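Here the protein sequences line up with chains F and L, keeping their order.
Here UniProt numbering is used: the first residue of the first sequence is 1, the next is one more, and so on.
Here UniProt numbering is used: the first residue of the second sequence is 1, the next is one more, and so on.
It is possible that part of the hints are untrue.
[As the list claims (entries may be wrong)] With the C-beta cut set under 10 Å, the calculated list includes, among others, these residues of chain L facing chain F:
1. V21
2. L200
3. L202
4. M288
5. N289
6. N334
7. F337
8. D338
[What the hints assert, rightly or not] Far from chain F by the CB rule (all over 10 Å, computed), these chain L residues:
9. D74
10. V120
11. R128
12. K129
13. G201
14. V335
15. L355
16. H357
17. E430
[Claimed, not checked] Chain F stretches covered by chain L per the calculated footprint, using a threshold of three residues with CB under 8 Å from any CB of chain L:
18. 56-63
19. 181-190
Rather than coming from a laboratory, the hints here were simulated on the basis of the structure.
The model shown is predicted, which means the values in this text are computed figures rather than measured ones.
Positions of the beta carbon are idealized from the N, C-alpha and C atoms, including for glycine.
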Amino acid sequence: MAQLSVRHLLGIKNLNETDIHTILDTAAQFKEVINRPIKKVPSLRDITIANVFFENSTRTRLSFELAEKRLSADVVNFSASGSSVTKGETLLDTVNNILAMKVDMIVMRHSSPGAAHYLSTRIPANVVNAGDGTHEHPTQALLDAFSMREKLGDLRGKKIAIIGDILHSRVALSNIFCLQKLGAEVMVCGPTTLIPKYLPELGVKVGHDVKAALRWCDVANVLRIQLERQQIKYFPSLREYSLYFGIDKAMLDELDREIVLMHPGPINRGVELSSDAADSAHSIILNQVENGVAVRMAVLFLLAQQ
Amino acid sequence: MNTLLRAVKIVDKHSPWNGQVRDVLLQGGRIVRIGEALDADGAEIREGKGWCVSPGWMDMRIASRDPGYEHEEDLDSVRRVAARGGFTEIMLLPNSKPVVDAKDTLNYVRQPRPGQPVRVHVAAAVTRKAEGVDFTEMIDLHHAGAVAFTDGEVPIQNADILLKALLYLRPLDSLLINRPEDRQLTLFGQMNEGITSTLLGLKGMPALGEEMMLSRDLKLLAYATEKVGPVNQGNDENSGRNALPQLHVSLVSTARAVSLIREAKAQGLPVSCDVAAHQLAYDDSALMNFDTNLKVNPPFRSPADIAALREGLADGTIDIFVSDHSPHAEENKNVEFDQADFGITALETAFSLALMHSGLTIEDIVEKITANPRRILRLPHVIISENQPANLTIFSPDEEWTFDKSLSKSRNSPFLGSKLPGRVIGVVNEDAQLWGT
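Kindly generate the complete structure, drawing on both the sequences and the hints.
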């Protein structure tokens, strides 16, 4: 039975290439399971999982919850609004209270980079990072890699452009780590102010011309423009962003070959992606969502074996 | 109480006995004799292999927690921690709650504690509540005993405030201390900006933030120093001082900042600076595990910055080592990284870290924690000589010790549990002594 080298999924940074392949291969089996008439397996029947979300999320939380239920785990959900957190309770106290009710695994989303790492060094349960601030979002990167692999086969030598707000994106960072470990070439593209200065040190190409990036790549992974995280001004307006960094179907049609279009959601239609691009045949955005459940089942299943 | 320090090596560049192994006899809080094989004559004998004695150490950057945050450190505990670190004189920053911006708080913090070997000096705030807006009554605070002026943990952002403070303090011959940080460039910053901050998704504080503010501060200092026209020469003479503004740049951390100060000194500007001893101990790659005990401001920088700090220490650009002791309660450190406070409890380890990481001789390190801070703060010079007040630190530089327990009320040190070089044996400050903590 394949095993991971880690007890927690904190980030792609902490995984090796074998771990990633193990997760993706296991996910392929679970994808087959969730397409059966009976979508459920008893793998995690004795396991209780708490989804602890200190930040808003619809898709990721739902995806984890479905993954857990399809593995027959018992599931409890906690979200920060209306909880004791607003009364000033610390993260550790909140989670220890949940663990005292005999919970085995914690899936956590939190606004602080390193929050999952912090927790993993202080509690006995397995921790799955469902996004920690601007740091990592490992299951998103894994489901992105899974979706690309499904479409393109082996990712070695494939060219992936990540387009948009790279600076504030945990998806970008996890994607970069994951794709590089799988042997793909990565370019990031966006306004200069939204690209971390030191990123080229990771061996990532940096571009500022979306059309050039589209011509270069096999896959364009377009990121959401996160206005809510930008307490500092990084660009003048959504209008200008959309005009110079947004992608529409005409741009995709101009290319001399078909590329794959991805987006981690939720899409700001008309900002980073036009509706006709998002809904085009290039887009595998809904496949990503479907694969998300299978990938999260694989992660939870493999960690529970540890 | 009479004490005989038996066969101790004297470490004091300003003493005629520097570098010599001698007996030192203390009587009535003074050094009465220095010689060989002195008769103890009933005095308590203190001796040990490899012991050195230097003027009592002075630390001019300690965050004050009393009044306001006594659960983190109070005026008694900070003295105990300082003594254990080998310091006989310390200067507290004004950032207590309330801030030391008026005589009542100043007098509270300055209250002497008879019988304790650590003397506390206080820097008063430049602006009320250290908010950077309205000036404190600096002349009044100066006469009430404030030894320097600074907004302490809060860097002065407004150029005009800094300039006016330099000018206003000039006739008093009092020091203005500022830590250079442009807070617009470091807004929400958590650590040094670099590849590590990129990997961790943490907002970086670029070296530029320190360097731009330092350039500005040095330009303001040059402006405040300029004398216009021959008529004005000597106009300040009746103050009886050299009447230059004095700027002390606290917590230099980047290579470019070291060069800026080196250039400013070469141009003759009245500037001095310090570095925190722990700044030499880590580069920013040490933060890969999100250890909040490594969260300091200025942040740990790059290996090249550390090399430049060592050069600056060696060539005298950096005058002083400080501890930048910043105690924090457990609940402000054992939290998510971006929620944690900046700072470490550093008094007990500052000398060891300087010894370990600076590359300086013991004599040069001692100079930067004795004569230099006292000269820059205009405090009385302390010298190891006969018929001088006994203000001494006794230490054993070759001896290792384990930092297994802190005397601080806080525990935020990354060095707890570490084995460190250079053990402090005891401190003497006139009638008060403390040995073997």
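Right, here's what the structure says about each hint:
1. V21: This interface hint is violated because 49 Å lies over the 10 Å limit.
2. L200: Nearest chain F Cβ about 6 Å off; hint holds.
3. L202: Check passed: Cβ of L/L202 comes within 5 Å of chain F, closer than 10 Å.
4. M288: The hint holds - L/M288 has a Cβ within 10 Å of chain F, the shortest such distance being about 9 Å.
5. N289: Holds, about 7 Å.
6. N334: holds, 7 Å
7. F337: Status holds, d = 5 Å.
8. D338: holds, 5 Å
9. D74: holds, 24 Å
10. V120: holds, 33 Å
11. R128: Label holds. Min Cβ-Cβ 27 Å, cutoff 10 Å.
12. K129: holds, 24 Å
13. G201: The claim is violated: L/G201 sits with its nearest Cβ about 3 Å from chain F, within 10 Å.
14. V335: violated, 6 Å
15. L355: holds, 31 Å
16. H357: holds, 25 Å
17. E430: holds, 46 Å
18. 56-63: With 0 residues closer than 8 Å to chain L, the segment 56-63 of chain F misses the three-residue bar; violated.
19. 181-190: violated (count 0)
In summary, the structure is inconsistent with hints 1, 13, 14, 18, 19 from the numbered list given earlier, while agreeing with the others.
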